[in-house]
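Chains A and B are the protein sequences, given in the same order. So the first sequence is numbered by numbering that gives the first Met the number 0: it starts at 0 and just counts up by one. So the second sequence is numbered by numbering that gives the first Met the number 0: it starts at 0 and just counts up by one.
Derived from the structure by calculation, the hints contain no laboratory data. In this text, all values refer to a predicted model and were calculated from it rather than measured experimentally. All residues carry an ideal CB built from backbone N, CA and C; glycine is no exception.
Beta-carbon label-pair distances, calculated as ranges:
| hint | chain 1 | residue 1 | chain 2 | residue 2 | range |
| --- | --- | --- | --- | --- | --- |
| 1 | A | Val66 | B | Glu249 | 40 to 46 Å |
| 2 | A | Glu79 | B | His291 | 55 to 61 Å |
| 3 | A | Glu266 | B | Gly36 | 22 to 28 Å |
Chain by chain, the residues:
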Amino acid sequence: MTKQTLPNTKPIMGRIIQKWEECEDTFGFLIDVPVKVKGAKPGQFIMLWVPGVDEYPIGIAGFENNVLEIGVSKMGEGTEAMINKNEGDLVGIRGFYGKPFQPPSKVNHLIIGGGFGMTPLKLLTTTLMQREEKEKIHIFEGARSKNRLMYLDWFQTLHDHKKLNFHVCTDDGSYGYKGFPTVALEDFLQKSETPSVIYVAGPERMMKVIFDIGKKYEKVIDMQMSFADRYMRCGFGLCSYCAVDPTGWRICVDGPIFNVKQIEQIEDFGNYRRIETGEKQRI
Amino acid sequence: MELETTVGSIKLRNPLILSSGILGTSYSTLQRIYEAGMGAVVTKSIGPRARKGNPNPSIFALQEIKSVINSVGLANPGYKVFREDIEKLIEKKIPTIVSIFGENEREFVEVLEGLKDLQILAFELNLSCPNIEKGGMQIGTDPESVSTIVRKIKSTTITPVWVKLTPNVNNIIDVADAAVKGGCDALVAINTLKAMVIDIETQLPILGYKRGGLSGAAIKPIGVRYVYDLYENFGEKVPIVGVGGISRGEDIIEYLLAGAKAVQIGTALGVAYPENMIRFFQMRVKKYMKEHSIEKISELIGGAHK
Numbered sequence: 000m001t002k003q004t005l006p007n008t009k010p011i012m013g014r015i016i017q018k019w020e021e022c023e024d025t026f027g028f029l030i031d032v033p034v035k036v037k038g039a040k041p042g043q044f045i046m047l048w049v050p051g052v053d054e055y056p057i058g059i060a061g062f063e064n065n066v067l068e069i070g071v072s073k074m075g076e077g078t079e080a081m082i083n084k085n086e087g088d089l090v091g092i093r094g095f096y097g098k099p100f101q102p103p104s105k106v107n108h109l110i111i112g113g114g115f116g117m118t119p120l121k122l123l124t125t126t127l128m129q130r131e132e133k134e135k136i137h138i139f140e141g142a143r144s145k146n147r148l149m150y151l152d153w154f155q156t157l158h159d160h161k162k163l164n165f166h167v168c169t170d171d172g173s174y175g176y177k178g179f180p181t182v183a184l185e186d187f188l189q190k191s192e193t194p195s196v197i198y199v200a201g202p203e204r205m206m207k208v209i210f211d212i213g214k215k216y217e218k219v220i221d222m223q224m225s226f227a228d229r230y231m232r233c234g235f236g237l238c239s240y241c242a243v244d245p246t247g248w249r250i251c252v253d254g255p256i257f258n259v260k261q262i263e264q265i266e267d268f269g270n271y272r273r274i275e276t277g278e279k280q281r282i
Numbered sequence: 000m001e002l003e004t005t006v007g008s009i010k011l012r013n014p015l016i017l018s019s020g021i022l023g024t025s026y027s028t029l030q031r032i033y034e035a036g037m038g039a040v041v042t043k044s045i046g047p048r049a050r051k052g053n054p055n056p057s058i059f060a061l062q063e064i065k066s067v068i069n070s071v072g073l074a075n076p077g078y079k080v081f082r083e084d085i086e087k088l089i090e091k092k093i094p095t096i097v098s099i100f101g102e103n104e105r106e107f108v109e110v111l112e113g114l115k116d117l118q119i120l121a122f123e124l125n126l127s128c129p130n131i132e133k134g135g136m137q138i139g140t141d142p143e144s145v146s147t148i149v150r151k152i153k154s155t156t157i158t159p160v161w162v163k164l165t166p167n168v169n170n171i172i173d174v175a176d177a178a179v180k181g182g183c184d185a186l187v188a189i190n191t192l193k194a195m196v197i198d199i200e201t202q203l204p205i206l207g208y209k210r211g212g213l214s215g216a217a218i219k220p221i222g223v224r225y226v227y228d229l230y231e232n233f234g235e236k237v238p239i240v241g242v243g244g245i246s247r248g249e250d251i252i253e254y255l256l257a258g259a260k261a262v263q264i265g266t267a268l269g270v271a272y273p274e275n276m277i278r279f280f281q282m283r284v285k286k287y288m289k290e291h292s293i294e295k296i297s298e299l300i301g302g303a304h305k
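Looking at chain B on its own, in the form it has when it is part of the complex:
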């Protein structure tokens, strides 16, 4: 049984990638997750300088919908400090995708310039964080800005550039199209959905930032829909990485059938024993392949488009 997949020029030992923002603060957690069996890992989003992010509460679970709301707000130590962690990962031959963000084109380029000499598998542009005032989703909802930034970054580096899209738009195809025109090497869909939780006893928003982004099982059908739409529009022209709410092996199959070449998993690994989850995901994927006489996982990609 063959689990290997490709995203553009990138070969992965299997289609499971750790998504950005989960367990990605240190090289050590990323290494641990990779060694448990993922195909690659994506770091926490890294910006031009240290950023405290938003006040707590900034992450909590919503048990009733098997989901998580967060408003971390891109807390990160800045690329100059985090570079050391990336170097350690590369030294250990861990396929590392670095998520980067900036408030504007200049900041994106600054981060990229500071890291582009490293053997990074791909840069993932976070054009979709809903938890900051400038940059993030503000850029990612404007097709013109997206295409300008992607073009600029593509002219700065030979490393593949992935663009992570926000679902918080009227038409994701417009933004995706802009990213493709800018020359991106893959589309990653989706980031979190704008969300909020109010405590009815104190009548206050719970998150310190008041507003947040939703991840986890509740957003899976939305992610699948976006991936399906993107695949229908771009077909084989640009690879798609599916992300959003994967919590069972079956969800991975669903994303592949919708058209994803690989998937990213985050919230489901935010548990006491992520290693067990990863093993479980792989077991279920293999079981499905066996039951459906599928030799290569690539046979599944886009299978639902009939």
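The shape of chain A in the complex, shown without the other chains:
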């Protein structure tokens, strides 16, 4: 095994050793990374190269014994090409990039996500459960219907074993609460007394709604949100196609996780995102 430290290499080719259908239009992958890599921290991402097709940022769901877990949802040509890959196929990995979630201690951890935003939140959950200090972990997951919930069995099992509280929501009521996870979150905040930290990854519109809810409660001492769902080219701070105004922060290295004080300074948050041309587009 070659010793190499990522980042700042060309894509390292890893072999897909397991692939499974996580939920509708979303697949989980285990990829064997053939170089020694330092552990991934929750919230970090990789640039995934699907050879000959595309390269894009993907959240890390797990990393153990040099095996990387990711989840990919069908969003376009690049993600579809990944979904068509099979066990034994090679894909390129650059990373691990970005600043991670930084959970403090002695708080309630409120983890909220939707879609494949759940990917980095899975690693965050794993990390929190491994901490010596056992704090309450609450997961709020939302999807259109039951068949689109990521890691449903994983979270449900942990809930049943009282490792965490799983507040699962579907728009159509096919599983858990009927309604948005933002409503379940606000219900919870109204009843809870303990200081809480909110962690979010998912569509930016949803993040904005959660941000506005969190701001209303003093017991919410911080909010940490992932901006990784944005267009990127380099992933290591060079091109600035992911930069936000007016701070000039690059999502890839100054983020992708920003805390509440930082998010307040990002005027683009919930309003604009950059596209391939560098131009800003309304969210």
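With chain A's structure known, arrange chain B on it following the hints.
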């Protein structure tokens, strides 16, 4: 200790300029880099209309040679949209050089006409991008086209015009000479070198565009050589801005000694903490000046031509 330098009529607080294509997509990143201590900044190359550029992968690092390969292909929002960012920079009194490109003379003039009323420090003509099919290097390798475009642009604006040269030519002096005859105010050398990386496992080129341009430490000796050649040929007649692979303060000194009045730094600032890099560059330059009893940085320019 005096770090101030001049490039033609332009005075800079120090010779460090952010090069085009790095951290130049928004006014906010450019402002951040200027405030960290650069002498000026160059925007991402701006063309007549929005351009998506080439598919990803379009930038990655080659750790073994401390370099970066890219094939971004001039992705930009077009001058009508980017004008707002330039206005913000000027409002904040940030010395801003705007890099422009076009597929032909008409397009260059269109971009220039759309921006020439702004208090831009200089226009830098990108006649050297290797990652597009039309324009860019295709123009920049043909002396006749270079001189025609530069002349036309000089007749359109009173703002200084810099020409960024490609190293991908047989004789850079021919092209530089054409730019000087066209009336350019400074020569900027060099843009990226034509390059490529193939993944030997999948046996495919890695870049989405297959081919790309190399920047970073590996190209520094090449940049220094071109600057040296240009200075030898033009001397004080036309100022030279040195660019290519600067990754340490010592590299800046080297470019100045080769004949550059100022330098541009790009790839080395594509890191998590560019502010620290800029501070480090300045520290090393000052240390060198102190050790060599140099009062004014201008004393170094062309010093290697003995």
